[in-house]
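S.K.: Chains as they are written, first to last, in the working numbering: chain A, 1 to 112; chain B, 1 to 115.
Rather than coming from a laboratory, the hints here were simulated on the basis of the structure.
Every residue gets a Cβ at the ideal spot worked out from N, C-alpha and C, and that includes glycine.
Check the hints yourself; a few may be wrong.
[As the list claims (entries may be wrong)] Partial selection, computed: residues in chain A whose CB lies under 8 Å from chain B:
(1) Y31
(2) G40
(3) A41
(4) G42
(5) L43
(6) Y48
(7) F88
(8) K99
(9) F102
(10) A104
(11) G105
[Claimed, not checked] Mimicking DSSO-like on lysine-lysine, the simulated pairs with C-alpha atoms at most 30 Å apart in a straight line are:
(12) A:K36 - A:K70
(13) A:K36 - A:K67
(14) B:K16 - B:K62
(15) A:K36 - B:K78
(16) B:K62 - B:K11
(17) A:K67 - A:K99
(18) B:K62 - A:K99
(19) A:K99 - B:K71
(20) B:K11 - A:K36
(21) A:K67 - A:K56
(22) B:K78 - A:K99
(23) B:K78 - B:K11
(24) B:K11 - B:K71
(25) B:K11 - A:K99
(26) A:K70 - A:K99
(27) A:K68 - A:K36
(28) A:K56 - A:K70
(29) A:K68 - A:K56
[Said to hold, decoys possible] Residues of chain A placed beyond 10 Å of chain B at every Cβ, according to the derived structure:
(30) S11
(31) S17
(32) T25
(33) L108
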Amino acid sequence: GEDVEQSLFLSVREGDSSVINCTYTDSSSTYLYWYKQEPGAGLQLLTYIFSNMDMKQDQRLTVLLNKKDKHLSLRIADTQTGDSAIYFCAESFSGGYNKLIFGAGTRLAVHP
Amino acid sequence: EAGVVQSPRYKIIEKKQPVAFWCNPISGHNTLYWYLQNLGQGPELLIRYENEEAVDDSQLPKDRFSAERLKGVDSTLKIQPAELGDSAVYLCASSLEAGGPGEQFFGPGTRLTVL
Numbered sequence: 001g002e003d004v005e006q007s008l009f010l011s012v013r014e015g016d017s018s019v020i021n022c023t024y025t026d027s028s029s030t031y032l033y034w035y036k037q038e039p040g041a042g043l044q045l046l047t048y049i050f051s052n053m054d055m056k057q058d059q060r061l062t063v064l065l066n067k068k069d070k071h072l073s074l075r076i077a078d079t080q081t082g083d084s085a086i087y088f089c090a091e092s093f094s095g096g097y098n099k100l101i102f103g104a105g106t107r108l109a110v111h112p
Numbered sequence: 001e002a003g004v005v006q007s008p009r010y011k012i013i014e015k016k017q018p019v020a021f022w023c024n025p026i027s028g029h030n031t032l033y034w035y036l037q038n039l040g041q042g043p044e045l046l047i048r049y050e051n052e053e054a055v056d057d058s059q060l061p062k063d064r065f066s067a068e069r070l071k072g073v074d075s076t077l078k079i080q081p082a083e084l085g086d087s088a089v090y091l092c093a094s095s096l097e098a099g100g101p102g103e104q105f106f107g108p109g110t111r112l113t114v115l
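Looking at chain B on its own, in the form it has when it is part of the complex (with noise of 0.2 Å):
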């Protein structure tokens, strides 16, 4: 089975410019999230989609950040425009469930570096 597959891995841009990242969930699972990792931290949710619907989008920067998941599949990411403060690593990553322990799959994630 194939897991979480993200593109691209890498993706370096100048500041004030777009950036989209993709995702394409572990196939069956409704819930997906992306997740952003600073250098030595944590990942920090941004947003979680239930099916098409964002039901947790609270730690989203929304002035430059948006996603969406049309037919409840695949999901972009996108930043517009890009500061250099948005250099991280996004994770994305889908369960089966919500709720219960629901193990999480994560992708590789996107390496983004702004100049």
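So that you can see chain A by itself, here it is in the shape it has in the complex (with noise of 0.2 Å):
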């Protein structure tokens, strides 16, 4: 079946890396994402990952897909006050659409 399972809280020091983990159980999804949100606001893609690749980079987000695990997860390099929100992590199915099953979320909290 479809479960995606996430770490529920991370707290870390400004300035220092942020690692959010992410495990899934189906081996057919197609993408992985990482989504956040912010108080009050919908949902915003952050990055993606297609299921064949096994790392991602942009700017301060590095993503790393270990298949074999079906472990998922996000760095965010020199953490900033600003990324304190929830981030979700997701995946998708072929068969013509990408239908998003989120896990729980991780609330990042980011102190000085």
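Hints in hand, dock the two standalone chains.
M.R.: Written out as structure tokens, the structure is:
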């Protein structure tokens, strides 16, 4: 079945790196995504990775995918207070369109 | 460019009352999604439209929920009658294409409280 799991909370010091982890169960996932949700706002796509890749870097963001272990991570370098938000991991499947299955989200708190 | 617009932002009703949510997607986006987000959870898809056709409504509780997307643009999601367990945030999203990585753009959501 489809299931995406994330740790619920992460606290980091400003300037440090943050690593948010996610595991998924369905090996037929086509794309894996990271979304960010700030208070009172909708979800914003940060980045995605195709399932046949193992790494993608985009400025301060690095996504690592271990397909064998069904493990996805998001690393945020030089974490800032503006990065405080909830981060959702999501997977999608082939079959015509990208139906997204979301995890419960990881709340990232950045402190001085 | 305007993002996905939803209204109202907040709604408080008593149980057994009807309620409706409205969504205006990004101009030109043919695919529209309604999601339910319970507190502390990720969004769950309720229904997806391709233009005016509902192509995936398998997760929509059809005994009390209904949706429409007239003319393939704006959409309305209705609950009648509402139950206490319907308290949640209802998110609308749109995308330019259904396949591929197809970025979904989310609106701010409507927070529903059922008393």
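S.K.: Each hint should be assessed against the structure and marked as holding or not.
M.R.: Tested hints:
Hint status for Y31 (chain A): holds, given a least beta-carbon distance of 5 Å to chain B, under 8 Å. With 8 Å as the threshold, the beta carbon of G40 (chain A) comes within range of chain B, its nearest partner Cβ sitting at about 7 Å, so the hint holds. Interface hint at A41 (chain A): satisfied, since its Cβ lies 5 Å from the closest Cβ of chain B, which is below the 8 Å cut-off. The interface hint given for G42 (chain A) is met, as the beta carbon of that residue sits about 3 Å from the closest beta carbon of chain B, less than 8 Å.
Annotation: interface hint on L43 (chain A) holds; nearest CB of chain B at approximately 4 Å, less than 8 Å. Here the hint on Y48 (chain A) is kept, as its CB sits about 5 Å from the closest CB of chain B, short of 8 Å. Interface hint status for F88 (chain A): upheld, as the beta-carbon distance to the closest one in chain B is roughly 5 Å, under 8 Å. Taken as an interface hint, K99 (chain A) checks out: its beta carbon lies about 6 Å from the nearest beta carbon of chain B, inside 8 Å.
A least Cβ separation of about 3 Å between F102 (chain A) and chain B falls short of the 8 Å threshold, and the interface hint therefore holds. Evaluation of the A104 (chain A) hint against chain B yields a held restraint, the C-beta minimum of about 5 Å falling below 8 Å. Annotation: G105 (chain A) was flagged as interfacial toward chain B, and the flag holds, the nearest CB pair being 6 Å apart, inside 8 Å. Pair hint K36 (chain A) plus K70 (chain A) holds up; C-alpha atoms about 21 Å apart against a cutoff of 30 Å.
With a C-alpha separation of about 23 Å, the suggested pair K36 (chain A) and K67 (chain A) falls inside the 30 Å cut-off, and the hint holds. For the hint pairing K16 (chain B) with K62 (chain B), the CA-to-CA distance comes to about 16 Å; that is within 30 Å, so the pair holds. Straight-line distance between C-alpha atoms of K36 (chain A) and K78 (chain B) comes to about 27 Å, which keeps the hinted pair within the 30 Å bound. Pair hint K62 (chain B) plus K11 (chain B) holds up; C-alpha atoms about 21 Å apart against a cutoff of 30 Å.
Between the alpha carbons of K67 (chain A) and K99 (chain A) the distance comes to roughly 19 Å, so the proposed pair stays at or under 30 Å and holds. Taking the CA atoms of K62 (chain B) and K99 (chain A), the gap is near 20 Å; set against the 30 Å cutoff, the hint holds. For a cut-off of 30 Å, the pair hint linking K99 (chain A) to K71 (chain B) stands: about 23 Å separates their Cα positions. Between the alpha carbons of K11 (chain B) and K36 (chain A) the distance comes to roughly 24 Å, so the proposed pair stays at or under 30 Å and holds.
For the given pair, K67 (chain A) sits about 14 Å from K56 (chain A) by alpha-carbon distance, which is consistent with the 30 Å threshold. Pair hint K78 (chain B) plus K99 (chain A) holds up; C-alpha atoms about 22 Å apart against a cutoff of 30 Å. Among the hinted pairs, K78 (chain B) with K11 (chain B) is consistent with the structure: their alpha-carbon atoms are about 13 Å apart, no more than 30 Å. Proximity of K11 (chain B) to K71 (chain B) is assessed by CA-CA distance (about 26 Å); at most 30 Å being required, the pair is judged to hold.
Our distance criterion of 30 Å between C-alpha atoms is met by K11 (chain B) and K99 (chain A), whose separation comes to about 28 Å. For the proposed pair K70 (chain A) and K99 (chain A), the alpha carbon gap of about 18 Å is at most 30 Å, so the pair holds. Distance hint between K68 (chain A) and K36 (chain A) is fulfilled; the C-alpha atoms sit about 26 Å from each other, no more than 30 Å. About 16 Å separates the Cα atoms of K56 (chain A) and K70 (chain A), which keeps this hinted pair within 30 Å; it holds.
Straight-line distance between C-alpha atoms of K68 (chain A) and K56 (chain A) comes to about 17 Å, which keeps the hinted pair within the 30 Å bound. At roughly 17 Å from the closest C-beta of chain B, the C-beta of S11 (chain A) stays outside 10 Å, upholding its exclusion from the interface. Even its closest Cβ contact with chain B, about 24 Å, leaves S17 (chain A) beyond 10 Å, as expected for a residue assigned away from the interface. Every Cβ of chain B is farther than 10 Å from the Cβ of T25 (chain A); the closest lies at roughly 15 Å, confirming the non-interface assignment.
Consistency note on L108 (chain A): stated as away from chain B, and its beta-carbon is indeed over 10 Å from all of that chain's, at 15 Å minimum.
Hint compliance for this structure: no hint is broken.
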